[in-house]
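**Q** Given the coordinates of chain B, work out where chains L and W should sit on it, guided by the hints.
Residue numbers (our numbering), protein chains in the order written: chain B, 535 to 859; chain L, 535 to 859; chain W, 535 to 859.
Please note: incorrect hints may appear among the correct ones.
Because identical chains share one entry, a pair is satisfied inside a single copy or across any pair of copies.
List time: in silico DMTMM-like cross-link candidates among lysine to aspartate or glutamate, alpha-carbon distance up to 20 Å [what the hints assert, rightly or not]: (1) 843 with 826; (2) 843 with 854; (3) 856 with 846; (4) 581 with 612; (5) 598 with 542; (6) 712 with 573; (7) 646 with 723; (8) 712 with 723; (9) 855 with 542; (10) 646 with 662.
No lab work stands behind these hints, which were simulated from the structure alone. For clarity, every value in this text was computed on a predicted model and none was experimentally measured.
One letter stands for each residue in the lines below.
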Amino acid sequence: MPGALTLEEIVSRLGGRVAGDPATRIRQVGSLESAGQGEIAFLSGAKHRAGLAATGASAVILSKEFEALTPLPRIVSDAPYLYFARVSQLLNPLTVQAPGVHPSAVLGKNVKLAEGVSIGAGCVLGDDVTIGEGSCLYPRVVVYHGCTLGARVIVHSGAVIGADGFGLAQDDAGRWVKIPQIGAVRIGDDVEIGANTTIDRGALDDTLIGEGVKLDNQIQIGHNCRIGAHTAMAGCAAVAGSTHIGRHCTFGGAAMILGHLTIVDHVHVSACSVISSSIRKPGTYTGIYPSDEHASWARNTAFVRQLAKLAERLRTLEKEKKNNA
Amino acid sequence: MPGALTLEEIVSRLGGRVAGDPATRIRQVGSLESAGQGEIAFLSGAKHRAGLAATGASAVILSKEFEALTPLPRIVSDAPYLYFARVSQLLNPLTVQAPGVHPSAVLGKNVKLAEGVSIGAGCVLGDDVTIGEGSCLYPRVVVYHGCTLGARVIVHSGAVIGADGFGLAQDDAGRWVKIPQIGAVRIGDDVEIGANTTIDRGALDDTLIGEGVKLDNQIQIGHNCRIGAHTAMAGCAAVAGSTHIGRHCTFGGAAMILGHLTIVDHVHVSACSVISSSIRKPGTYTGIYPSDEHASWARNTAFVRQLAKLAERLRTLEKEKKNNA
Amino acid sequence: MPGALTLEEIVSRLGGRVAGDPATRIRQVGSLESAGQGEIAFLSGAKHRAGLAATGASAVILSKEFEALTPLPRIVSDAPYLYFARVSQLLNPLTVQAPGVHPSAVLGKNVKLAEGVSIGAGCVLGDDVTIGEGSCLYPRVVVYHGCTLGARVIVHSGAVIGADGFGLAQDDAGRWVKIPQIGAVRIGDDVEIGANTTIDRGALDDTLIGEGVKLDNQIQIGHNCRIGAHTAMAGCAAVAGSTHIGRHCTFGGAAMILGHLTIVDHVHVSACSVISSSIRKPGTYTGIYPSDEHASWARNTAFVRQLAKLAERLRTLEKEKKNNA
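Bound conformation, chain B alone (with noise of 0.2 Å):
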């Protein structure tokens, strides 16, 4: 753990400038609202100036505009949740885990680890699995046989990486007859992958994860797929078998996106939200659909199945208003 810095020092590490005493101590990041001695906070909009007048933050974070409204020692950026977070990589690791391979982790044949690499207590590495320089696998994570991760890849508890895609043919009698899942998993560098991921090895060529993606805990990534660099998901989202999303898209909590689509880059698809058909135009997605007062919800929910008659009555009206006029 790095210890403390002076708001001066900070600066001349991050940029930025300091508005009050520049030899204010920090030694830890905190909320504007539980944040005490020693500790940094940030201001992300005017909506929190109550919080800061309140805090008893050391020194505050937050951009030009708002710079007055605070005697506290300050920094001044332009992007002070950025700031804020690379002020926090400052005073703390990335990963808690210590390099080296927990003496209870199984590794297979032929299995590369790079330097830095640790592998936490009952993580299981198939044959053949390489991972790359600093990455780090925290305990129970499962990478199947042949998967590949870059570097700097940070994997959280209960992931699992490389099990079979879900390939299924039926034959006349109904019953399934499995697909042999032959291609692998290969993950780039810079990837976050969160706790009880689960990600399929290809069916025959490989399932791709682009450099910094980031996935949260819950997702579930179908066999084939090729997902872009710096794409981000958040939690219990889930992409289904051979769907190619794009770089530097976003995806909210419980997305789900069927198979075989292609999303093109810097598609945004909010949280709930199904998507069914290819997206070739970059922007924001949504499909929730409105929770109500369960009375409320009932009264208008029926009319959903009806729709179509509705809008076949109103047609009706418009016409026979025409046949009049």
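**A** Then chains L and W, alone, in the frame of chain B:
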């Protein structure tokens, strides 16, 4: 496993009244359909009368209004289902795993386990984890460093408590900058956590799970959430980060609660409903889009994207009507 | 891993007819796009003609109608995809883990493993678990006490079989009283269970998974469910407690089936659809709310909560029309 009890012994412990032979011996609970000799079943309502008539159970728990429906020995109670739960607890242990730490479990430094704690095979507890009296972690649970569990907490296999929350800032180039997650998770007494459920540690402050909260399987609780006491969530529900939920709430399966919301006490969210704004009033909230035969669904759903136009056309007709009147 | 086969050897085992050189040697399957020397690909339909023309595969499996489209050695079959699955099974093992119990696995008392069973690293099997011939549990599977798996069952990493169902009664103070879950899980032959899938033990009677059922990753099966033979569910589907599902059904990804329902044989539920009442008639059922560009979604969705009012206004216009006629 506790031994058999007579109906008289049961009511002496749990209240209620025996009708029929109080010396009837009960060694286990069962369903009306499958209970046999020495087993006690319960009648939850009038629609299970046929099952009552046909049951092979030695005794039945039911309410006063149904008392005359069977000649079997019975316990009469105002709340037969609750009574049944208590009888089952008399006859069966709440957890089946003996106290103690399984030799294959891995404990970090400064882990504090209170009396009677049971840590199953393959569990991994990080440094500075504290677990209260009588708690039971089934095999392969991970608790990250610094997290605290109360007394009599039950955690099922595969659950991950205290993995990093999904905290990211974006730089000018659209790359994600990880924000170290320096909070922890604090879990109250008498909480139960289902298999493969994940509860993320706080970004700055702790994620809080109140006493008596019951979480089913595969639930995702984002960082900084606070779940009030005695709230229950069914399987696959998810709560995005920084949402505060009140006491005595219930969430149906796969209910999705977006982030940074406040939900008051005694709110009930139906299964598969998405809550996208704060709820200030107790009550039941629902947002299920109705399924239908595929062709009918396709016919009606085509008009969802035309609702605003349909409403506009309706308004036009109404205006013309008014002008003509 | 089985060795290479000629096309002639393949059809002698699997049927179909060779066109072109029957001595063509095949050592692996591949996709049209990436297959190379010694690999066989398949053509699933007319839209992949271009891929067929460009393929580097040594041979192709296709139906009679496309036979003339390529000069490559080929196998003609009525069901090319099924045929491809069978060829892949000739050339690849169904599971990659050798029989035997990994030394890091933990087995309870009275566990019965039939011949050829493979138990991966870090698996935990409770007391009285029985597993049938040739079944394969990949690393870190947990099977709770008393559960039974049939023959040739494949279970992927992180799956949890037999954790407690979510059975709770509520007392007068709104506290939850746990109902001990005394049933188990019984799984038939030839079932496959995906990574991090959870199947809960029954409250009183057993949860039943029929033979040939295929469950993808992160599926949740509640207590007391019965899933009929040869039913398949894609990733993230969930079935709430006590629902009985028929044979030969299919469920798309994230399909949600509420509790205490009955679904007959040969029902197909589309991805992301919610089934909230029993289905008595075979067929395809869908309930996806359409996603759209965000602004368009917002415009239209605002009227969902006014559907009943819109219908009322329409009715009013119709009445006036009629009265005026």
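**Q** Take the hints in turn and mark each one as holding or not.
**A** Evaluation of the provided hints:
no.	hint	verdict
1	843 with 826	between (24 Å within a copy, 15 Å between copies)
2	843 with 854	both (17 Å within a copy, 19 Å between copies)
3	856 with 846	both (15 Å within a copy, 17 Å between copies)
4	581 with 612	within (18 Å within a copy, 51 Å between copies)
5	598 with 542	within (18 Å within a copy, 76 Å between copies)
6	712 with 573	between (56 Å within a copy, 19 Å between copies)
7	646 with 723	within (16 Å within a copy, 37 Å between copies)
8	712 with 723	between (32 Å within a copy, 14 Å between copies)
9	855 with 542	neither (76 Å within a copy, 72 Å between copies)
10	646 with 662	within (7 Å within a copy, 32 Å between copies)
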